[in-house]
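Spelled out, the chains give:
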Amino acid sequence: MSLIETTDLYKTYTLGDVSVHALQGVSVSIERGEFVAVMGPSGSGKSTFMNILGCLDKPTSGKYILDGIDVTATNLSKLAGVRNRKIGFVFQGFNLISRTTALENVELPMIYNHTPAAQRKKKALEALQAVGLEQRAYHMPNQLSGGQQQRVAIARSLVCDAPIIFADEPTGNLDTKMSIEVMELFTRLNKEMGKTIILITHEPDIAEFAGRLITFRDGKKVSDEVKK
Amino acid sequence: MIDTFLSVLRISLKAIMANKMRAALTSLGIVIGVAAVITMLAVGSGTQQNMNDRFSRFGTNILYLRQPWNLDESISSPKDVTMDDVRAIREVKNVVSAAPYISSGFNVKYGITSTSIDVLATDTDIFKTYDWELDTGRAFTEREVDTYAQVAVLGASVAQTIFNDVDPLGKIVIFDDIPFTVIGVMKKNGQGGFGFDMDEGTLIPYTTGKVKMNTGWNSSDRRALDRVIIRVEDINNIENTKEDIANVVRNTHKIHPLAQDDFQLDDMASWIEEAKAASKTMGILLGVIGAVSLLVGGIGVMNIMLVSVTERTREIGIRMAIGATSADIRLQFLAEAVTLSCIGGLIGVLLGVGITLIVAAHSTSIPAQLSIISIFISFGFSAATGIFFGFYPAYKASKLTPIDALRYE
Chain G
1 MSLIETTDLY KTYTLGDVSV HALQGVSVSI ERGEFVAVMG PSGSGKSTFM NILGCLDKPT
61 SGKYILDGID VTATNLSKLA GVRNRKIGFV FQGFNLISRT TALENVELPM IYNHTPAAQR
121 KKKALEALQA VGLEQRAYHM PNQLSGGQQQ RVAIARSLVC DAPIIFADEP TGNLDTKMSI
181 EVMELFTRLN KEMGKTIILI THEPDIAEFA GRLITFRDGK KVSDEVKK
Chain E
229 MIDTFLSVLR ISLKAIMANK MRAALTSLGI VIGVAAVITM LAVGSGTQQN MNDRFSRFGT
289 NILYLRQPWN LDESISSPKD VTMDDVRAIR EVKNVVSAAP YISSGFNVKY GITSTSIDVL
349 ATDTDIFKTY DWELDTGRAF TEREVDTYAQ VAVLGASVAQ TIFNDVDPLG KIVIFDDIPF
409 TVIGVMKKNG QGGFGFDMDE GTLIPYTTGK VKMNTGWNSS DRRALDRVII RVEDINNIEN
469 TKEDIANVVR NTHKIHPLAQ DDFQLDDMAS WIEEAKAASK TMGILLGVIG AVSLLVGGIG
529 VMNIMLVSVT ERTREIGIRM AIGATSADIR LQFLAEAVTL SCIGGLIGVL LGVGITLIVA
589 AHSTSIPAQL SIISIFISFG FSAATGIFFG FYPAYKASKL TPIDALRYE
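Respectively, the protein sequence lines represent chains G and E. Take 1 as the starting number for the first sequence in the working numbering and just add one per residue. Take 229 as the starting number for the second sequence in the working numbering and just add one per residue.
A few of these clues could be false.
As the list claims (entries may be wrong) - Below 30 Å or equal to it, Euclidean Cα-Cα: the simulated DSS-like pairs (lysine-lysine) are:
hint	chain 1	residue 1	chain 2	residue 2
1	E	K321	E	K337
2	G	K123	G	K177
3	G	K121	E	K242
4	G	K58	E	K627
5	G	K78	E	K242
6	G	K58	E	K624
7	E	K307	E	K356
These are calculated hints, taken from the structure and not from any lab test. Predicted, not measured: the structure shown is a model, and the values here were computed from it.
Assemble the whole structure, with the sequences as input and the hints as a guide.
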């Protein structure tokens, strides 16, 4: 069974009298260990698709099975636990909590699944080591470069041993050198740790790092190709 | 469990410390509320303690007989309280002594010194009734009472004021126009009783008072007494003794068996009841003031928490994305509000205790007595304020959806 299996997803937003059809029948299946890039212009529905895959939102209709869990049949409050155990998020704006050390930011997901404090610290330090930032554990986000902040965010997505990492424009705020560093890190996590990585981007050379490219336009999947 | 509690507390403290000035101003309302409650309760209970001390010094074995202040209309012509009543009461079982009591203000002169004093006209029983002690000289005798002697026993403060270092014994002092010989001076006894403070007063025989000074007395009838002060032997029997005294007085007043009493007989218990009622009213008043200041403080906490929720919408989104449930978010903001108001409460307790100690150390006129219970209660209320006023902002935070919160700029 696929890790991610969506069947005929529809999402319609109603803004006053106008209905916006953000997704119009999207069916995708992603296997464990894949590195998928999702591309498409603004308004193509790729962000809506990612929000649904990331269990942050629910589709209007259609079915979504994540690692055997029927997400469409689970209520939003239970989805917090699903996000915690199954998914790591990496955002364009890093989304670290300010005035909180790198270590504490990485520990945060484990606070919400009630991991004992000592174990929390140990696992957070291991994750920081995996992204090469163990020396910066006690720095605040504003004392770190953009690339370092993004690597802290990646460490945070690793600590709960979630099989999937969702990266929404992870290099959007980074220069080329840092972008390549971050992308190489994703590649390594994919190869060495077997993480399934789903990446949203609109830069073709960033999408190059992925092994599979899905393209969206007008709420529909228009292409889905696996690179050799 | 303890682990979760500690991490929630740590997150709260961190959020509060991030805005120190704002937190300080917000908790100021609570600080003032709690400090005010503790100080006022301390002064309140000090005042009551002070009152209790006075009562107990004055003795609970004392009864007062007098004409009622508010006369019932059904009593057409109340009889005055007179020496006939005093003599009759002295025969009652369990009565140690009964002293006539007529008091009035006078101007007293000695040489060029003059001051105004309370003069109490009474007889020798007064010395058996109250536990007053002589410092020098002697009390007047029954013979002096019978012979209208112009003799006076001065209170300690009066003697000090008029004579300073001169020995007062044997000196002549002038009360309005009438000369009196000083035969004794009382020891200082601290606070006096109701309506008469021995330290500030002077005792003279009631006979002399009535005959020589009748223009000064506030009664048209020379035989009238203001009160009779009665001391009973066995306090456990005070109710029976009161009944016996009432019967004797009804007899001397020739009251018809079906008619009501035309006099009033009070004991300390009824005074204490009145004082208790007064201090209860004061307690309610203090409670209302405290509640209002905590309410104002609580609204301040709610206001700042709502601002905080809006400011940190994005943070809420991040926390939800990585696995925080609505309940986790609610708990976090609630903990923050409670921590904020508890810090306020703690500072308020320290401030209130400090003010109370300073007042107690530097002021003799304002008695202050700290009570541990008032400290716990006001601190508890500050925590409760945090829960109550923190709930709505926390609820609002928990109702955010992760995508809306993450998109918030």
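Here's how the hints hold up against the structure:
| no. | hint | in the structure |
| --- | --- | --- |
| 1 | K321/E <-> K337/E | 43 Å, violated |
| 2 | K123/G <-> K177/G | 28 Å, holds |
| 3 | K121/G <-> K242/E | 18 Å, holds |
| 4 | K58/G <-> K627/E | 16 Å, holds |
| 5 | K78/G <-> K242/E | 28 Å, holds |
| 6 | K58/G <-> K624/E | 21 Å, holds |
| 7 | K307/E <-> K356/E | 27 Å, holds |
In this structure, the one hint that does not hold is number 1.
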